[in-house]
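> Residue strings, one per chain:
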Amino acid sequence: MRVRIRFSKRGKLRWISHRDVARVWERALRRAEVPVAYSEGFSPRPRLSFGLALPTGAESVAEYLDVDLDGEATLSPPTLSSALPSGMEVGGTAPLEPSDSSLQHAVVACDWQITLPEGPADDAARRFLEAPSVVVTRERKGHQVTDDIRPSVLDLEVRRPGAGGPVLACRLATQLDGQPRGLRPAELITALGFDPAAARMLRTHQWIVRDGAWCEPVPAVDAPARQGACDIRRDPTLNGTDLGGPDLREPRPDTHPAAAGLRAPLSTGLRAPLSTGLRPGG
Amino acid sequence: MSCLWPRIEPLLARVQKPARYIGCEGGARVAAWGPSKVAWLLTYPDAYEVGLPNQGLQILYEILNERPDAVAERTYAPWPDMEALMRRDGVPLFSVDGHRPAGEFDVLAFNLSAELVYTNVLNCIDLAGMEVRAERRRDSDPLIMAGGHCTYNPEPLADYVDAFVIGDGEEAVGEITDVLRDWKASGRGPGSRRAVLGELAAVPGVYVPSLYDVAYDGPRLLGVTPRHPGVPDRVEKRTIADLGAWPYPRHQLVPLTEVVHDRLNVEVFRGCTRGCRFCQAGMITRPVRERPAEQVRRMISDGLAATGYDEVALTSLSTADYSGIQDVVGGVINDPTCSGQVAVSLPSLRVDAFTVGIASEIQKVRRTGLTFAPEGGTWRMRQVINKLIREEDIYGAVDSAFSQGWQRVKLYFLIGLPTETDEDVLGIGELARNCARVGRAHGGRVTVTASVGGFVPKPQTPFQWFGQETVPGLTGKVNLLRDATRRDRGVNLRWHDARASLAEGIASRGDRRIGPVIEEVWRRGGTFQEWSEHFDLGLWEDAMASAGLSLEWYVHRDRDEDEVLPWDHISAGLHRDFLWQDWQDALAAAGVPDCRWTPCYDCGACTGYGLEHVVASAVPPAGGSQGTGVDLSSGHVVPVRLLDRARA
Numbered sequence: 001m002r003v004r005i006r007f008s009k010r011g012k013l014r015w016i017s018h019r020d021v022a023r024v025w026e027r028a029l030r031r032a033e034v035p036v037a038y039s040e041g042f043s044p045r046p047r048l049s050f051g052l053a054l055p056t057g058a059e060s061v062a063e064y065l066d067v068d069l070d071g072e073a074t075l076s077p078p079t080l081s082s083a084l085p086s087g088m089e090v091g092g093t094a095p096l097e098p099s100d101s102s103l104q105h106a107v108v109a110c111d112w113q114i115t116l117p118e119g120p121a122d123d124a125a126r127r128f129l130e131a132p133s134v135v136v137t138r139e140r141k142g143h144q145v146t147d148d149i150r151p152s153v154l155d156l157e158v159r160r161p162g163a164g165g166p167v168l169a170c171r172l173a174t175q176l177d178g179q180p181r182g183l184r185p186a187e188l189i190t191a192l193g194f195d196p197a198a199a200r201m202l203r204t205h206q207w208i209v210r211d212g213a214w215c216e217p218v219p220a221v222d223a224p225a226r227q228g229a230c231d232i233r234r235d236p237t238l239n240g241t242d243l244g245g246p247d248l249r250e251p252r253p254d255t256h257p258a259a260a261g262l263r264a265p266l267s268t269g270l271r272a273p274l275s276t277g278l279r280p281g282g
Numbered sequence: 001m002s003c004l005w006p007r008i009e010p011l012l013a014r015v016q017k018p019a020r021y022i023g024c025e026g027g028a029r030v031a032a033w034g035p036s037k038v039a040w041l042l043t044y045p046d047a048y049e050v051g052l053p054n055q056g057l058q059i060l061y062e063i064l065n066e067r068p069d070a071v072a073e074r075t076y077a078p079w080p081d082m083e084a085l086m087r088r089d090g091v092p093l094f095s096v097d098g099h100r101p102a103g104e105f106d107v108l109a110f111n112l113s114a115e116l117v118y119t120n121v122l123n124c125i126d127l128a129g130m131e132v133r134a135e136r137r138r139d140s141d142p143l144i145m146a147g148g149h150c151t152y153n154p155e156p157l158a159d160y161v162d163a164f165v166i167g168d169g170e171e172a173v174g175e176i177t178d179v180l181r182d183w184k185a186s187g188r189g190p191g192s193r194r195a196v197l198g199e200l201a202a203v204p205g206v207y208v209p210s211l212y213d214v215a216y217d218g219p220r221l222l223g224v225t226p227r228h229p230g231v232p233d234r235v236e237k238r239t240i241a242d243l244g245a246w247p248y249p250r251h252q253l254v255p256l257t258e259v260v261h262d263r264l265n266v267e268v269f270r271g272c273t274r275g276c277r278f279c280q281a282g283m284i285t286r287p288v289r290e291r292p293a294e295q296v297r298r299m300i301s302d303g304l305a306a307t308g309y310d311e312v313a314l315t316s317l318s319t320a321d322y323s324g325i326q327d328v329v330g331g332v333i334n335d336p337t338c339s340g341q342v343a344v345s346l347p348s349l350r351v352d353a354f355t356v357g358i359a360s361e362i363q364k365v366r367r368t369g370l371t372f373a374p375e376g377g378t379w380r381m382r383q384v385i386n387k388l389i390r391e392e393d394i395y396g397a398v399d400s401a402f403s404q405g406w407q408r409v410k411l412y413f414l415i416g417l418p419t420e421t422d423e424d425v426l427g428i429g430e431l432a433r434n435c436a437r438v439g440r441a442h443g444g445r446v447t448v449t450a451s452v453g454g455f456v457p458k459p460q461t462p463f464q465w466f467g468q469e470t471v472p473g474l475t476g477k478v479n480l481l482r483d484a485t486r487r488d489r490g491v492n493l494r495w496h497d498a499r500a501s502l503a504e505g506i507a508s509r510g511d512r513r514i515g516p517v518i519e520e521v522w523r524r525g526g527t528f529q530e531w532s533e534h535f536d537l538g539l540w541e542d543a544m545a546s547a548g549l550s551l552e553w554y555v556h557r558d559r560d561e562d563e564v565l566p567w568d569h570i571s572a573g574l575h576r577d578f579l580w581q582d583w584q585d586a587l588a589a590a591g592v593p594d595c596r597w598t599p600c601y602d603c604g605a606c607t608g609y610g611l612e613h614v615v616a617s618a619v620p621p622a623g624g625s626q627g628t629g630v631d632l633s634s635g636h637v638v639p640v641r642l643l644d645r646a647r648a
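As given, the protein sequences belong to chains A and B, one line each in that order. If you read the first sequence in the working numbering, its first letter stands for residue 1, the second for the next number, and so on. If you read the second sequence in the working numbering, its first letter stands for residue 1, the second for the next number, and so on.
It is worth saying that the hints were derived from the structure and are not from the lab. Hints are not guaranteed to be accurate.
[Claimed, not checked] Simulated crosslink set (DSBU-like; lysine-lysine; CA at most 35 Å straight-line):
#1 B:K17 <-> B:K410
#2 B:K37 <-> B:K17
#3 B:K184 <-> B:K37
#4 A:K141 <-> B:K37
#5 B:K17 <-> A:K141
Only chain A is shown next, with the shape it has when bound in the complex (with noise of 0.2 Å):
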């Protein structure tokens, strides 16, 4: 059987890169008894497949693999999470259909919040969505290509929190016409003029669409059912700038200091607090 398990990633595992995730997650494995199946062949390795690449140095409440199990297995995200360095914490697991396709193809955008730096960030923002399009030459495979990124943008918007400089909070898409050409949230910063590396990345959430709606690929722990967590507003057209998905409007306070200071409600329902259960990151 296949299980797809949600997890955080806080503090100063940001600094681990997508690799070292993965080898993190096989020794958690192995500690934590998982029958994990392994593959065939020579140098048989565990069966794990992760999803999109979080940068190295983004923070995550909502990173997934889907693990293969030899047989029938229960995994219980509190004996998960022991086995798991601190600052990494199982928010969920839930068992997978042989029709759910991969996180590499189901996932079509990604909801972030990314602390900038002081600066023109509003400006920067508003010229951004206005324009018809922005091209840019960015590095794809070793090669430099040239791209509009203005479609990839599904929604943007600034906020003041009050303490620190402006958040960023963007909805990206990660496929465009059905190809994998997502945009990279440092690509974004960059465009909008801002230095990657002094901005601060939270992803938030990954979205799915399932039988039209939009919805996370596990909900965390103690959310509503599998469906509670979706939404079906609007069915999603991931192209220009029409905005897919749930409103992204209103923040999700959490540890992070790109939402330290906001004390905005909970008001929706539309989303579980992805914060319960979940260790601050340190």
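For this one, chain A is given, so just place chain B on it according to the hints.
Chain B alone, transformed into the frame defined by chain A:
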């Protein structure tokens, strides 16, 4: 106690591999700080991914943190990109555990595993905010100490390190902590530094270089002699008698990012009596002390469960010689909780079919490559270096490996050895060629890689008197070998940079006058000299020239029997006449078998300390030539001259 993390974190987005600086490893635990606790900063002066796995450092880290009167944190040399940002922003060297500034510790203890890290030692002291020269440091500064194999010639760093610890550290760190606790309690006031160094010099195994005078006659060293009564003429190394009393590390550190040797490591014995004459480790760690098999098994099963590793390395200088090897290996392989997914690795394979048999038993999964170290290309050469492996052993091992599914075999060799001729060098190619032929008989595409390194003579070995080969000499030999193997199918030749061997040679057998050379190389930016992208021989040659020192004198000349060597006041327990006789035997191409299973040669390592080899078996493990050069199982006449020596 301050934490520098808020100043460190903004730098991390701008450096390669930021995970080097965060700590957070599995198993990392630091005792609470306290005003009466001695705070140690254990420092590995090379990159995090090289230093983190170091078992010596991890052992001391645990032992110290278990003491009620000590706390230990760790640090590693910041990579140049990080160092530049730290210097720009005024961030000092910090611990990776608590991110505390180095200056808040009572002692910075360096692990010296290789000579080319010496410039990094100075860089770390400087980054910690201290003067690099010991005499200029303030009473309130932390003490700078060092341990590890390179301390068997401490002289090149004698003006920079306050105290060296020679030999096993398990017991010594406790005794040093006792001394430092009182120093700390006294408030580390004016004059206290000199006093505490005097007390440290009274701890067995501790060498305080500032308490010794050095006299020269021209280039010749006359002696290193204590300046005060009570300071030992000769500092004897520390040796723990029973490895079983020290089952460390109990909680091996599990890094979050990629490091070398990223696996569970269990030390199965310490010491080696094979007697390879080029091998400093084998000479200075005698006698052999095995860990009880039951303890090894427990350390493996507990370690795998706690770390989540799927690979365990049984470490020692020659693991196939461990008495309990088959039982231990079988235990891991057949343990149902390992479910067939645990790989066992033997980092130092003996060259014979028996060893390959064990390897094939344990590497049921991931059978990629096997490495053997014949070291010399001809039997004559191997007698000179006392690596008594017959050609039949090598071909037997390789045949066994290829027949059991391995496709790649790597052979390690040294060039620039004493008495070496072109024939010996070409013998390396001949061996590799024959090994590839053996492999082709089994079908498939086999590769044999011959890896060739330039020999650097080391202190406290029989070759300490030998003049090191020059760079052109080494390069010529590599070229000779390259031409000879160019057309050989399945043979790859790899070689190490001969220039790095020269720099290593300067630091390896230098006296105190080499200190300013190291300092000059460091001042001109020569850090991370172990790394080819940073290594710069020109810096070393320039520094030698500006100090008026001769490469010929320090590196390339043979030493006389009666010459005072810079490390003569440091004792690894080996009698000087034993080493000299072994050197003469080497020149005569006469081998001596392993003393575990033959009468004693009175090298001094056991008798001098009232110790004995701790082995579970009085007979050699089965098969192969066991380093005697003959097949013991078939009772050949031993072609080795058994030396007529004074027996203890």
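> It remains to establish, for every hint, whether it holds in the given structure.
Hints, one by one, checked against the model:
Note on K17 of chain B and K410 of chain B: the hinted pairing holds, with a Cα-Cα distance of about 30 Å set against a maximum of 35 Å. For the hint linking K37 of chain B to K17 of chain B, the alpha-carbon distance of about 33 Å falls within 35 Å, and the restraint holds. Between the alpha carbons of K184 of chain B and K37 of chain B the distance comes to roughly 8 Å, so the proposed pair stays at or under 35 Å and holds. Proposed proximity of K141 of chain A and K37 of chain B is contradicted: the alpha carbons are some 53 Å apart, above 35 Å.
In summary, the hint linking K17 of chain B to K141 of chain A is supported, as the alpha carbons are separated by about 20 Å, within the 35 Å threshold.
Hint 4 alone, counting from the list given before, is not met by this structure.
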